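Below, each chain spelled out in residue letters.
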Amino acid sequence: MNINYIIKVLWPPHCQNRGLKVLEERADIVKEMNGMRSKIENFLKASCTGDFKVSDEYNMKGFNVAFEQGPDVYNFILEQATIGYEVEREIGRYNIFSDKYIKHRILYTAKGIIVG
Amino acid sequence: MKKHHFITVLGKNDIALSLDKLHAYGPIISVCNKDLENKYVDYVWTREEKDLLWFLQQRPSPVDCVTTPELYKKYVFYDQVHSFPPISPQFNLTLDNNTDDQTLAVLSALGLAEKRILLVGYDISDLRVLKDLRSVIMLHPDMKFYFLCNPPKTKQLDYCSNAECVLFKDMEKLKE
Numbered sequence: 001m002n003i004n005y006i007i008k009v010l011w012p013p014h015c016q017n018r019g020l021k022v023l024e025e026r027a028d029i030v031k032e033m034n035g036m037r038s039k040i041e042n043f044l045k046a047s048c049t050g051d052f053k054v055s056d057e058y059n060m061k062g063f064n065v066a067f068e069q070g071p072d073v074y075n076f077i078l079e080q081a082t083i084g085y086e087v088e089r090e091i092g093r094y095n096i097f098s099d100k101y102i103k104h105r106i107l108y109t110a111k112g113i114i115v116g
Numbered sequence: 001m002k003k004h005h006f007i008t009v010l011g012k013n014d015i016a017l018s019l020d021k022l023h024a025y026g027p028i029i030s031v032c033n034k035d036l037e038n039k040y041v042d043y044v045w046t047r048e049e050k051d052l053l054w055f056l057q058q059r060p061s062p063v064d065c066v067t068t069p070e071l072y073k074k075y076v077f078y079d080q081v082h083s084f085p086p087i088s089p090q091f092n093l094t095l096d097n098n099t100d101d102q103t104l105a106v107l108s109a110l111g112l113a114e115k116r117i118l119l120v121g122y123d124i125s126d127l128r129v130l131k132d133l134r135s136v137i138m139l140h141p142d143m144k145f146y147f148l149c150n151p152p153k154t155k156q157l158d159y160c161s162n163a164e165c166v167l168f169k170d171m172e173k174l175k176e
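So the sequence lines, in the order shown, correspond to chains A and B.
Here the numbering used here is used: position 5 in the first sequence is 5, and no number is missing along the way.
Here the numbering used here is used: position 49 in the second sequence is 49, and no number is missing along the way.
Worth flagging that the hints you see were computed from the coordinates, not collected in a lab.
This structure is a prediction, so every number in the text was calculated from the model and none was measured.
For each residue, glycine too, the CB sits at the ideal point set by N, CA and C.
Careful, some of the hints might be misleading.
To be verified - So the derived label-pair ranges between C-beta atoms look like this: (1) A:Ile113 x B:Lys39: 29 to 35 Å; (2) B:Leu95 x A:Gln16: 37 to 43 Å; (3) A:Asp28 x B:Lys115: 55 to 61 Å; (4) B:Asp96 x A:Lys21: 51 to 57 Å; (5) B:Pro60 x A:Pro71: 14 to 20 Å.
Build out the structure end to end from the sequences listed, making use of the hints.
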């Protein structure tokens with residue numbers, strides 16, 4: 001899979017910044033986090049035309065989703081309010097010349113997405 | 001991203017060589033030229049939005065474009081649009097609005113090439129273009145630059161040890 005775009009989906013606010021010790025004790029939060037990940041994956045299966053990958057690495061803020069195609073990412077950002085998730089205001093786009101992901105600030109507005 | 005053994009940079013001058021023959025060496029990156037056969041051009045360097053849109057609208061498949069970071073911001077979600085690569089701070093080259101497109105195409109090609117860059121139809125009649133090309137060549141000693149031309153051979157790159165002027169009729173030897 002060619003990963004051209006990476007964006008982070010944020011956990012719900014009460015699930016963020018939870019240490020591993022807390023998570024061991026709070027099965028309800030872990031269940032909610034796993035449920036969210038599954039929900040996102042199902043949504044992506046239904047909506048993406050290109051490949052995608054939901055990262056299973058744990059991060060206190062959220063989890064990364066990788067995309068092959070730009071229109072899929074665009075749609076994913078636009079649909080966040082409808083489906084019920086929030087993405088980080090930053091997107092990584094692969095640069096073929098430097099072989100690195102270059103980060104861009106994004107501004108999500110009712111009219112569309114502006115890249116800063 | 002896989003680096004290519006050869007990358008061809010097509011400059012502003014017309015060439016007699018067919019692009020399919022040139023494409024056999026590896027990917028081609030060109031300055032903005034709408035008269036070229038797009039199916040053989042892998043990347044086009046363009047700084048104008050109208051040109052970028054023209055290349056994106058080509059069928060059966062759009063041409064990948066490399067553009068300025070400013071214009072790129074509008075096209076981040078377009079898979080065929082790429083940003084001009086970040087320039088290393090050690091790179092002592094002044095890039096501004098007057099920098100020639102050929103120079104920017106060569107700088108882009110450096111990120112895709114493994115060892116060799118072919119400069120084809122490259123116009124060095126402008127002194128700034130020549131100076132910039134020399135700077136690029138000298139700052140990349142591990143890369144070999146081949147300046148292709150018709151006779152007579154230019155002597156303008158003679159003192160760059162990693163650059164060589166090759167006549168079109170001899171270019172087959174580069175494959176060896």
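Now the hints, each set against the structure:
1. Between Ile113 of chain A and Lys39 of chain B the CB atoms are about 32 Å apart, so this pair conforms to the stated range of 29 to 35 Å.
2. In this structure the supplied range 37 to 43 Å holds for Leu95 of chain B paired with Gln16 of chain A, their Cβ-Cβ distance being about 41 Å.
3. In this structure the supplied range 55 to 61 Å holds for Asp28 of chain A paired with Lys115 of chain B, their Cβ-Cβ distance being about 57 Å.
4. A C-beta distance of roughly 54 Å is found between Asp96 of chain B and Lys21 of chain A, which places it inside the suggested range of 51 to 57 Å.
5. Taking the beta carbon of each, Pro60 of chain B and Pro71 of chain A are about 18 Å apart, inside 14 to 20 Å as hinted.
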